[in-house]
Structures are given as C-alpha cells and as structure tokens.
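Undergrad: Going down the list, the protein sequences come from chains A and B.
Residue 88 in our numbering sits at position 83 of the first sequence, with consecutive numbering throughout.
Residue 154 in our numbering sits at position 24 of the second sequence, with consecutive numbering throughout.
Please keep in mind that the hints were generated in silico from the structure rather than gathered at the bench.
Keep in mind the model is a prediction, meaning the values are calculated, not measured.
One or more of the hints may lead you astray.
Stated by the list, open to error - Straight-line C-alpha distance at most 30 Å; calculated DSS-like pairs for lysine-lysine:
#, chain 1, residue 1, chain 2, residue 2
1, B, 169, A, 94
2, A, 72, B, 157
3, A, 48, B, 232
4, A, 59, A, 48
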Amino acid sequence: DVQLVESGGGLIKPGGSLTLSCSASGFTFNKAWMSWVRQAPGKGLEWVGRSRSKIDGGTTDYAAPAKGRFTISRDDSKNMLFLQMHSLKTEDTAVYYCTRDHRRGSQDEPDALDVWGHGTMVIVS
Amino acid sequence: EIVLTQSPDTLSLSPGERATLSCRASKSVGTYLAWYQQKPGQAPRLLMYDAITRASDIPARFSGSGSGTDFTLTISSLEPEDLAVYYCQQRSNWPTFGGGTKVEIK
C-alpha cells in the first residue's frame with residue numbers, strides 16, 4: 006500500500022527549532038516530488054513547500070511564510086522526507102502533512118497532491 | 131498569488147439530495163484545479179484533478195466541471211459518509227487552496 010507516515014511533532018517554544026520526518030512506502034520515492042502542507046487548528050490548508058526528485062533537479066520551493074526559516078530535504082536511500090523548522094512562531098502551530106505531488110507525466114508540473122499522511126501536530130507556545 | 135474563493139461556506143442537505151459546491155479563481159487556472167475531501171479528524175483525500183478527473187477509488191457520484199475561473203464539484207446523491215469539508219486547489223506558481231465548504235447531512 007502507498008503510505009506516508011509523519012513523525013517529530015510536539016510542543017516547542019517560540020524561537021525554537023524542530024525537524025519533522027516523513028517515511029514513505031509503496032511507491033518509487035526517488036522519482037516522486039513531495040510537499041508539506043499544514044493546517045492550523047480549525048483553519049484551512051496551506052502549502053508549505055516542495056522537494057523535487059533528484060532526477061528532476063532536486064530543488065525546493067517554499068511558500069512565503071516558510072522561506073528562510075524552513076528547509077525541506079530528503080534521503081532517497083531511506084525513503085524519507087524532512088522538514089526542518091527554525092525560528093518558530095506561534096502562528097506556525099498546525100498539523101503538518103507530508104504529501105506526494107501528482108503529475109500527469111514526467112515532464113509535467115504537479116497539479117494535485119494525491120497521497121497524504123495522517124499528519125503530525127506542532128504546537129508553538 | 132491566485133486566490134480561490136469557495137461557496138457556500140456551509141451546505142446542509144438530506145441524504146439523496148444533490149450537492150453543488152463552487153470554487154472561483156481570481157485569475158484563470160485553465161483546468162488545473164483539484165478537489166479534496168476532509169472528513170472530521172482525518173487527513174484530506176484527493177477527489178478530483180484536472181477539474182474533471184476522478185482520483186483512484188472515488189465513487190462516481192462525485193463529478194467536477196469548469197475551466198478558467200469557475201469550477202464546480204457535484205455530489206449527485208448525497209450519502210451520510212459525505213459529511214466533510216471540501217477544498218479546491220490550484221497549481222499556478224505554487225499551490226493555493228480555497229477556504230473550504232462544509233457539507234452537513236440533515
């Protein structure tokens with residue numbers, strides 16, 4: 006089965022750092038583009054950032070609130086995705102979901118997020 | 131940034147009724163529009179992509195339409211398990227989501 010499992014969430018003080026992990030299984034991880042999406046309590050969904058596969062350049066993109074504070078990395082040998090978060094703010098409090106980008110073909114940009122983990126809660130307080 | 135506006139905020143319908151959810155984009159997104167379902171306490175699940183294509187294992191009662199700036203998700207005959215918040219999402223530059231429509235079952 007295709008599966009994503011996040012871990013690493015918890016309670017952290019403002020200004021602190023935290024690293025989230027995502028373990029992937031059931032698909033060819035090293036070819037996948039992966040994203041992090043967060044959801045503040047009682048609020049909607051917010052895309053955080055993306056990691057392209059190494060064969061597609063291995064680059065990352067970030068939403069404005071994450072730029073300069075968050076870093077997405079991956080370990081293809083272990084089928085793992087990471088989200089390093091620094092200088093955390095109270096407004097970063099959210100459930101963080103690991104997701105897989107859906108692309109029509111290998112030359113296409115992602116158009117949806119087709120696999121989601123169960124999420125891990127980060128509380129900055 | 132492309133802003134997606136969903137309406138209505140809440141839809142309250144009886145089982146068997148037709149649900150029509152709207153998503154409007156602040157500028158054209160072509161057909162690059164996805165829909166997600168988030169049931170209470172669960173992660174979102176992809177329902178539709180490319181505006182009209184059902185994702186794997188999505189029942190046929192869900193359908194999507196639209197292009198450009200106006201899109202619709204239709205649930206042809208509401209089931210009790212369709213109680214959820216539904217989000218639309220576009221992909222231009224970076225993904226953004228609409229604010230969601232909550233579907234309540236009477």
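Undergrad: Next, verify each hint and record whether it holds.
TA: Status of each hint after checking the structure:
1. 169/B to 94/A: holds, 28 Å
2. 72/A to 157/B: Since the Cα atoms of residue 72/A and residue 157/B sit roughly 25 Å apart, the hinted pair holds (cutoff 30 Å).
3. 48/A to 232/B: holds, 12 Å
4. 59/A to 48/A: violated, 33 Å
The structure fails to meet hint 4 from the earlier list, while all remaining hints are met.
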